[in-house]
Amino acid sequence: MLSKEFFENNTLDVARNLIGKVLVRKYRGRAIEGVITETEAYMGHNDKASHASRGRTQRTEIMFGEAGHVYVYLIYGMYYCLNIVTEAKDYPSAVLIRGVVSSGINLNGPGKVARYFHIDKKINTLPLGKESGLWVENGKSAALIKINRGARVGVDYAGWWAKRNWRFYLKK
DNA sequence: AGATTGATCCAT
DNA sequence: TGGATCAATCTG
1 MLSKEFFENN
11 TLDVARNLIG
21 KVLVRKYRGR
31 AIEGVITETE
41 AYMGHNDKAS
51 HASRGRTQRT
61 EIMFGEAGHV
71 YVYLIYGMYY
81 CLNIVTEAKD
91 YPSAVLIRGV
101 VSSGINLNGP
111 GKVARYFHID
121 KKINTLPLGK
131 ESGLWVENGK
141 SAALIKINRG
151 ARVGVDYAGW
161 WAKRNWRFYL
171 KK
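Residues 1 to 172 in the working numbering are what the first sequence spells out, letter by letter.
Don't take every hint at face value.
Below, computed lysine-lysine pairings styled on DSS-like, alpha-carbon distance capped at 27 Å [as the list claims (entries may be wrong)]:
(1) LYS146 with LYS121
(2) LYS130 with LYS89
(3) LYS48 with LYS121
(4) LYS89 with LYS172
(5) LYS26 with LYS112
(6) LYS4 with LYS146
Just so you know, these hints were derived from the structure itself, not from any lab.
Quantities reported herein were computed from a predicted structural model and do not represent experimental measurements.
Based on the sequences and whatever the hints tell you, model everything.
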């Protein structure tokens, strides 16, 4: 299981390094696993695409918290999105898990990932590990993986910040 | 391209 | 307390 230190690094590095790692979910005595194929970094007070850009609120407080904790939110009234908090305490940042491959099934999009892994607000703000039943394991030799970068999805409203290549995905 | 859906945030 | 706004997805 990846340590808290892994998530205390620069968010862009964490987002890139999470590609190829294995997401593990223990749910009702069953283990669900999948290789992470797509992530996005949300980083800093100034990132207009980040929920934390307007400062601390009840919802975003978790992004200012300890690395390696889970941030889950509901979007469009229907879909949960899974994020993992990164970097130092009081620096708002997290990585959104956008894509996972599990048992040959391609889960493209954060809403599908959350649904498949039974992610909802019950594990919001919990640390990765036994308590949340969610953690990340090392994958196979990350050095052999080809990773592409691109602009983040669905954040056009963020102007210049939307153009930054803070999305990472496995090259096919 | 349009409908769906509700938590969250901030102020007409 | 109300209304605008969303880190999306499915169906055509």
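Against the structure, the hints come out as follows:
1. A hinted pair counts as satisfied when its Cα atoms are at most 27 Å apart, and LYS146 with LYS121 does not qualify at roughly 33 Å.
2. The suggested pairing of LYS130 with LYS89 holds, with an alpha-carbon distance near 22 Å, which does not exceed 27 Å.
3. The hinted pair formed by LYS48 and LYS121 meets the criterion: a straight-line CA distance of about 24 Å does not exceed 27 Å.
4. Taking the CA atoms of LYS89 and LYS172, the gap is near 35 Å; set against the 27 Å cutoff, the hint is violated.
5. Among the hinted pairs, LYS26 with LYS112 is consistent with the structure: their alpha-carbon atoms are about 17 Å apart, no more than 27 Å.
6. Taken as a hint, the LYS4 and LYS146 pair is honoured in the structure, with Cα atoms around 25 Å apart against an allowance of 27 Å.
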